[in-house]
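If you want the building blocks of each chain, they are given just below.
2 protein chains.
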Amino acid sequence: MAKKFAELRAKMAPEAQARVEAKAQELLAEMPLNELRQARGLSQKVLAEVLHVQQPSIAKMEKRTDMYISTLRSHIEAMGGQLDVIARFPDGSVKISNFSDIESDLLQQA
Amino acid sequence: MAKKFAELRAKMAPEAQARVEAKAQELLAEMPLNELRQARGLSQKVLAEVLHVQQPSIAKMEKRTDMYISTLRSHIEAMGGQLDVIARFPDGSVKISNFSDIESDLLQQA
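As given, the protein sequences belong to chains A and B, one line each in that order. Using full-length UniProt numbering, the letters of the first sequence correspond one by one to residues 1 to 110. Using full-length UniProt numbering, the letters of the second sequence correspond one by one to residues 1 to 110.
The reader is advised that the hints may include incorrect statements.
[What the hints assert, rightly or not] Listed below are the simulated DSS-like cross-link pairs for lysine-lysine, each with C-alpha atoms no more than 27 Å apart in a straight line:
| no. | chain 1 | residue 1 | chain 2 | residue 2 |
| --- | --- | --- | --- | --- |
| 1 | A | Lys-45 | B | Lys-95 |
| 2 | B | Lys-60 | A | Lys-95 |
| 3 | A | Lys-95 | B | Lys-95 |
| 4 | B | Lys-63 | A | Lys-95 |
| 5 | A | Lys-95 | B | Lys-45 |
| 6 | B | Lys-95 | A | Lys-63 |
| 7 | A | Lys-60 | B | Lys-95 |
[What the hints assert, rightly or not] Which bits of chain A does chain B cover? Going by a derived footprint, with three or more residues having C-beta under 8 Å, they are:
| no. | region |
| --- | --- |
| 8 | 28-38 |
| 9 | 54-67 |
| 10 | 84-96 |
Because the hints were derived from the structure by calculation, they are not lab data. This one's a predicted model, so the numbers in the text were calculated from it and none came from an experiment. Virtual Cβ for every residue (Gly too), placed ideally from N, Cα, C.
For reference, chain A alone in the conformation it holds in the complex (with noise of 0.2 Å):
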């Protein structure tokens, strides 16, 4: 795998390897679970309906700075999104696979 990255970067000249870092970097915006749920028209009252927990169970997870990743994909996906867990380094990012859902895969391919 380490390799195939390698080989992916490699067929990149440096000017578009920098310029497409650049771009990913600058059209990411970064925003709590709370203005990310507001970005996307939702209120509490129906991201606790799709997760089937009560009202002040999500004001309390928005308020956390630590959960289970589960815990976090679940909420994600009820906003309609998807869990990318990204390890990044100078010379690149990887994502991380450990933590793939993979009932949901199961899903895609039946």
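Guided by the hints, dock chain B onto chain A, whose structure is given.
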């Protein structure tokens, strides 16, 4: 923040947006934690020393399919990387800022 994100994207031509998205996906290797460690040229022993744990703890951790975000962050930082938690939607991606590493941010400012 949501408005700013939309503005950034709107400034780019649709072709450019699609091209950047495709390139970003192409550049992103996907692998489990043990392969990432090997790709960084690190042994379980070395990583265990950096994290002040026993080597079997690293082996065990690399097999886990769920963990606290803070645990994963420590693991990735021990490899010299940074953790990014991304919510990906069909119309763009957002970095979730709830889990920012406050301690290292403070250290960088000092």
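Output the indices of the hints that this structure fails to meet, ascending.
none
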